[in-house]
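So the protein lines, in turn, are chains A and B. With the numbering used here applied, the first sequence corresponds to residues 165 to 498, in that order. With the numbering used here applied, the second sequence corresponds to residues 165 to 498, in that order.
It should be emphasised that the hints constitute simulated quantities derived from the structure, not laboratory data. Accuracy of the hints is not assured; some may be wrong.
One copy or two, either will do: identical chains are not told apart, so a pair holds if it fits within one copy or between any two.
Dumping the calculated EDC-like pairs for lysine to aspartate or glutamate here, alpha-carbon to alpha-carbon at most 20 angstroms [stated by the list, open to error]:
no.: 1; residue 1: K230; residue 2: D397
no.: 2; residue 1: K268; residue 2: E469
no.: 3; residue 1: K230; residue 2: E408
no.: 4; residue 1: K268; residue 2: E492
no.: 5; residue 1: K320; residue 2: E351
no.: 6; residue 1: K278; residue 2: E491
None of these values were measured; they are calculated from a predicted model.
Protein chains: 2
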Amino acid sequence: MEVVKGVKMKVGILGYGNLGKGIECAIKQNDDMELVAVFTRRNPESVKILTEGVKVYSVDDIVKMKDEIDVLVLCGGSATDLPEQTPEYAKYFNVIDSFDTHAKIPEHFEKVDKVAKENGHVALISAGWDPGMFSLNRLYANAVLPQGNDYTFWGKGVSQGHSDAIRRVEGVKDGKQYTIPIDSALEAVRNCENPELSTRQKHLRECFVVPEEGADLAKIEETIKNMPNYFADYDTIVHFISEEELKANHSGIPHGGFVFRTGVTGWNGENNHVIEYSLKLDSNPEFTASVIMAYARAVNRLHKEGVTGCKTVFDIAPAYLSPKSGEELRQHLL
Amino acid sequence: MEVVKGVKMKVGILGYGNLGKGIECAIKQNDDMELVAVFTRRNPESVKILTEGVKVYSVDDIVKMKDEIDVLVLCGGSATDLPEQTPEYAKYFNVIDSFDTHAKIPEHFEKVDKVAKENGHVALISAGWDPGMFSLNRLYANAVLPQGNDYTFWGKGVSQGHSDAIRRVEGVKDGKQYTIPIDSALEAVRNCENPELSTRQKHLRECFVVPEEGADLAKIEETIKNMPNYFADYDTIVHFISEEELKANHSGIPHGGFVFRTGVTGWNGENNHVIEYSLKLDSNPEFTASVIMAYARAVNRLHKEGVTGCKTVFDIAPAYLSPKSGEELRQHLL
């Protein structure tokens, strides 16, 4: 891989929500990238971005700009946007997404791979931290310790899906849900006890709920705690707070988590080892965006090398993520 | 990359000390590998290995076996063995080493790269955990958080170099030294305080010393504590213990450590993030060996793909480390 310095990678963003804005901020931190366009499904005039001199376009005009963009970053949701968008835009662009519906990754991969290959593009799917950095750590640790156990914990952080679920409960005006890993479970894993942990033993769910005036609080609490899939299998704590308090103390989007592998080595498996990777993130979308942009750099380089098709974080040699040359990396980071 | 199942990778080991034995144990844990020969500079008849049916040869016979080995694992030391051995044996074999003299990696790389390319082999240098897994984590975290600080802590673990230094002190019969990261420093890093830490603030050194009969204990303690490079810049604790106690409680080779990157994201760097990777290892050589064998798998695959030259962990896509296929990895670990 040759590192060409001085030529900036031209980036387009499709979708300007929390993730799209995070991508814009990440580009600002990387000297070898520049934002050239933001595309939106909204009225472009209604979208104000942070980067001076860069225009917002309607998504209807996106194909016209196919020769002006090295990598298009797709910032839609995994439920309905990305399954359509990633294969569609891989026809015209090198693309990257953060598709995170784990069970549907194989299907998404196949679809995107076909289109990317047919059109001579590189696509990278499921970049972020889980899938993404957490997946990498699972893979490395499994390769290094073939006899062992994997554990993933999430939090402390805001679950968008669980917060949405709370807000759908009758009598709830607004709400936020935090997923919290349980300390005793973390400790048992760290101590190589190889625990078999139930859903309830791994995570706690803490809800901050703003009730509508006159709502039946006991009923709200019971409805939340017994909600199947979302809360019923967990110990759930419900706090009722005011709208002001929610805004003041719970408007951030922090997240994080832990990936462990514990395993044994030795002729008779007599020695224990713990590999632990953890993230503590003030902003889930901004960190996700930062991971995406490191992989966008790799996508651009692979395209220049003539590679085509769909890739995941598993397929990318780490050196492709860094703006530094191989010599610099060996000298300073090895 | 194609994953061919059923064909075992044939491994040779050069050097049968702690690391060589660790390699042998790691091979036993990986179904797609088999040990075919151990080479030694000692009298082969004096070396007893664990694997039934495998022979120990003199290193003088190694070249004769060049067509029977897919990857030769070099288990010598970094000071004098590997600078000679890795370029020499890259003439005849695909090789892998754990060269860990950080400052001399660029020079070692160039020498090995030249020979490997001239002879159509793949060589991978500096596999292990530092350099190795720690380096990977530094690279990934730097690529993801370009604005931030790096911290590496080692321990709690046995430093072979410092233990050797203790044993050279007059009046010392035997001894072990533990490198211990200082909790308050770890906490300051985790809290995003971005501390500037002196050598003394990062690690503590704890020594367990068996004195010779009638030795001057005060003098031993003072000599150790004031030893330049090894101890003078640290807070050092010296315990005098009996030979029996040393054997009973300090005969293991545990190690480990922490790699952090703390950084900011957001338009004005307003959000903090902490990436933490840590290892807690009962056996330093066995874990190092486990990392080496995952990378040996990659070396073998790259060779089959026609790749030549010297590589480091930075150049290897993670999927090459796993015996699983791309489909399996995407389905189960992404």
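Hint by hint, here is what the structure shows:
no.	hint	in the structure
1	K230 x D397	neither (48 angstroms within a copy, 58 angstroms between copies)
2	K268 x E469	neither (29 angstroms within a copy, 30 angstroms between copies)
3	K230 x E408	neither (46 angstroms within a copy, 74 angstroms between copies)
4	K268 x E492	between (38 angstroms within a copy, 13 angstroms between copies)
5	K320 x E351	both (16 angstroms within a copy, 17 angstroms between copies)
6	K278 x E491	between (35 angstroms within a copy, 15 angstroms between copies)
This entry does not satisfy hints 1, 2 and 3, going by the numbered hints stated previously.
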